[in-house]
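Participant: Here the protein sequences line up with chains A and B, keeping their order. Sequential numbering of the first sequence, starting at 1009, is according to our numbering. Sequential numbering of the second sequence, starting at 1009, is according to our numbering.
There may be inaccurate statements among the hints.
One copy or two, it doesn't matter: identical chains are merged, so the pair holds either way.
[To be verified] Below are the DSS-like pairs computed for lysine-lysine, each with C-alpha atoms no more than 27 angstroms apart in a straight line: (1) Lys-1162 with Lys-1306; (2) Lys-1265 with Lys-1191; (3) Lys-1233 with Lys-1197; (4) Lys-1127 with Lys-1228; (5) Lys-1110 with Lys-1307; (6) Lys-1228 with Lys-1110; (7) Lys-1273 with Lys-1228; (8) Lys-1110 with Lys-1265; (9) Lys-1306 with Lys-1273; (10) Lys-1197 with Lys-1024.
Hints were generated in silico from the structure; no laboratory data involved.
There are 2 protein chains.
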Amino acid sequence: MRNVAIAGCGMTRFGKREEGIYELATEAALNAMDDAEMDRVDAIVVGNFASGEFTGISGIANGLAADLNLIPCHAEKVENTSASGASAVKVGLAGILSGLYKSVLVVGVEKMTGIPGSKATSIIASLTHPEAEYPYGVTLTTFAGFGARLYMHKYGAPYECFAMIGVKNHKNGANNPYAHFQKVISLEKALQSPIIADPLRLYDICPISDGAAGLVLVGKDLIKKVEDPVYISGFGQATDTHAIHERPDPTTVEGLKIAAEQAFKMARKDRGDIDVAELHDAFTVLEIIQSEDIGFFKKGEGWRAVQEGVTEIDGDLPISPSGGLKARGHPVSATGVAQLVELTWQLRGEAGKRQVDGAEVGLSCNFAGFGNNSIVFIVER
Amino acid sequence: MRNVAIAGCGMTRFGKREEGIYELATEAALNAMDDAEMDRVDAIVVGNFASGEFTGISGIANGLAADLNLIPCHAEKVENTSASGASAVKVGLAGILSGLYKSVLVVGVEKMTGIPGSKATSIIASLTHPEAEYPYGVTLTTFAGFGARLYMHKYGAPYECFAMIGVKNHKNGANNPYAHFQKVISLEKALQSPIIADPLRLYDICPISDGAAGLVLVGKDLIKKVEDPVYISGFGQATDTHAIHERPDPTTVEGLKIAAEQAFKMARKDRGDIDVAELHDAFTVLEIIQSEDIGFFKKGEGWRAVQEGVTEIDGDLPISPSGGLKARGHPVSATGVAQLVELTWQLRGEAGKRQVDGAEVGLSCNFAGFGNNSIVFIVER
């Protein structure tokens, strides 16, 4: 499919930011609009998980339309927990494919700091099952610990493979001026960092970040005006069980397998066509599970790819050259949009020191909760 | 446009309900699916304003997909404050027009009771401008009072015209088994009720309600299987200033004028073609302002229509036969969907004692905040 193109993209630096949610969203939006050389769009779609809970400000799509001087336009916020960013892109994509819009600005934003970390963790945990999970005190980090232990048990993977992902993603993030953490860490440091949810340690877990990312999507009428279009050629999405214990095998996300299949089919591509991927490593173990469920590696063998350097920037399948959620940071709803910003830069050859040589086809995977809704995009030149 | 049809619809009774948010959403969804005689859909779009703040449960689109046994499907939540319901319908509509989906379940839901009323009012007020409005303690009710006083001053309207809308909508709600209030009130009672925000009194203001409403939308491939299709033939939307003081005339919502124009143009209809309308009377004064901005009446003359009985069920242009937000109730994000449920029933001739004779074309207006995002749908047989 070559009906929808990314005409412009931009983001804020992720991290602990002094700015408020509107300032972050506006910065990313203006960067994307400037990059697209456009000053009008037909619609805004804002990806945001929980501005009301984190900041006490709700209804931000309409405030943003006003702040960006885009009145009158169409505007909505889209929420799909940690995959709110990708869901917002999907809604923008559908808006263009529907013929309702010629151009859509998609902004993913989350302002998470400024409240106690324990409160932020509790807000995030409110997306777990309200009867089967939340009342028992679980958080997403708890599930990640369980999942990592199970993965090690089932497939004979050593803990080090997780730590190596943290090290790789920090190395990539060190070359990303927009990353929350721009600092290389040694494997030794990762291995000695404190256990957070056994077996996972500090450097296995993404931080709480502020930030925003934006994309300008255009349809057929405007694509010809775009100098260097990157096409969204494939899209797939699928829900999975809300309660994790209902999954036959918690180290497999059936929804992601379905979403990937849909995306490859729409784009008429296969795994071997992907030059670079941005996955959802909210926890290092997820990068491995996702790389298997998308079909890059056989189930139970993804951990070997890490050890063999396959997923490094100069490897056969670079994963998360941006630094991923671990190092770029994870302002929840900005992530899914930022993944596509990074892929756009990569495909345009604008990724600087973290550039993947000759990247022409990219894939992103944004993950709601612990995989109850997976979204996959394929982009290409 | 006859490309998207409402294949089924349903809702819960609105009011103070014992059920939780998932139970309400499921009840409405199943009613709509049963009505459509369908047990699968490609996607779910959930309209919801603030489940996290009201109930402590977030990520409800994915939970609902699981509860309805619709895994794997596509799922998102859409938020646009008080117009979240209509925005969800719009996203569903675009999903079908895009070709991504053949069928979409749209559910608007809000669970608002169970927390102190003052907290609920504060959550709602968080949608006002975070610097120019919220810190000064304004609420939507404050704005409604200001707006009503200004309207009276500018156009010589007596307060009674507002009270008469409350009386009309209670009369209509008394014939709606799904309404929060199913009780006729006298004009005398309305006139003597306590002032809440001068000049508005108790019966000028919608209640805080729980409830949900659902629609099954289908595209071309499935329309032929629908026994009694109601088409969504027109749609329009526009943002307006976020801060109300920036509007040249606060008794006019420019965004609504634009949204209505878009909808009439898409449907190739005009004001005179509308047989029945569901407007957004969160406050009685809004019903008048909206009826003018949509173009049913000249600016400053809408109040006379009320006094002359034009907007009664047996009048020339029945407005809100359901009882409107005033009497049917206003579970924030359920409202925009419920408006279309009511219009579907009216167009099918299934509205019982509140049936508008021979209704063939209907219009709905769902209003975000105090009009910073207006959405208009036109439906027809």
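Participant: Within a copy, between copies, both or neither: where do Lys-1306 and Lys-1273 come within 27 angstroms Cα-Cα?
Facilitator: within (19 angstroms within a copy, 54 angstroms between copies)
Participant: How would you label the pair Lys-1110, Lys-1265 (within, between, both, or neither) given a Cα cut-off of 27 angstroms?
Facilitator: between (31 angstroms within a copy, 22 angstroms between copies)
Participant: Is it within a copy, between copies, both, or neither that the alpha carbon of Lys-1233 lies no farther than 27 angstroms from that of Lys-1197?
Facilitator: Neither way: Lys-1233 and Lys-1197 sit 49 angstroms apart in one copy and 63 angstroms across, limit 27 angstroms.
Participant: For the identical chains here, do Lys-1273 and Lys-1228 meet the 27 angstroms Cα criterion within one copy, between copies, both, or neither?
Facilitator: Both ways: Lys-1273 and Lys-1228 sit 21 angstroms apart in one copy and 23 angstroms across, limit 27 angstroms.
Participant: At 27 angstroms max between alpha carbons, let me know whether Lys-1127 reaches Lys-1228 within a copy, between copies, both or neither.
Facilitator: Answer is neither: 45 angstroms inside a copy and 47 angstroms across each miss the 27 angstroms cutoff.
Participant: Between the shortest in-copy and the shortest cross-copy C-alpha distance, which are at most 27 angstroms for Lys-1110 and Lys-1307: within, between, both, or neither?
Facilitator: neither (41 angstroms within a copy, 33 angstroms between copies)
Participant: Given a CA cutoff of 27 angstroms, do Lys-1265 and Lys-1191 count as a within-copy pair, a between-copy pair, both, or neither?
Facilitator: Neither. Shortest intra-copy (33 angstroms) and inter-copy (53 angstroms) distances fail the 27 angstroms Cα cut-off.
Participant: Checking Lys-1162 and Lys-1306: alpha-carbon separation at most 27 angstroms within a copy, between copies, both or neither?
Facilitator: Intra 14 angstroms, inter 72 angstroms, cutoff 27 angstroms: intra-copy only.
Participant: How would you classify Lys-1228 and Lys-1110 at a CA-CA limit of 27 angstroms: within, between, both, or neither?
Facilitator: For Lys-1228 and Lys-1110, both the intra-copy (8 angstroms) and inter-copy (22 angstroms) Cα distances are at most 27 angstroms.
Participant: When no copy is specified for Lys-1197 and Lys-1024, does a C-alpha distance of 27 angstroms or less occur within a copy, between copies, both, or neither?
Facilitator: Classified as within: same-chain Cα gap 23 angstroms, cross-chain 55 angstroms, threshold 27 angstroms.
Consistency note: the structure conflicts with the earlier hints numbered 2, 3, 4, 5.
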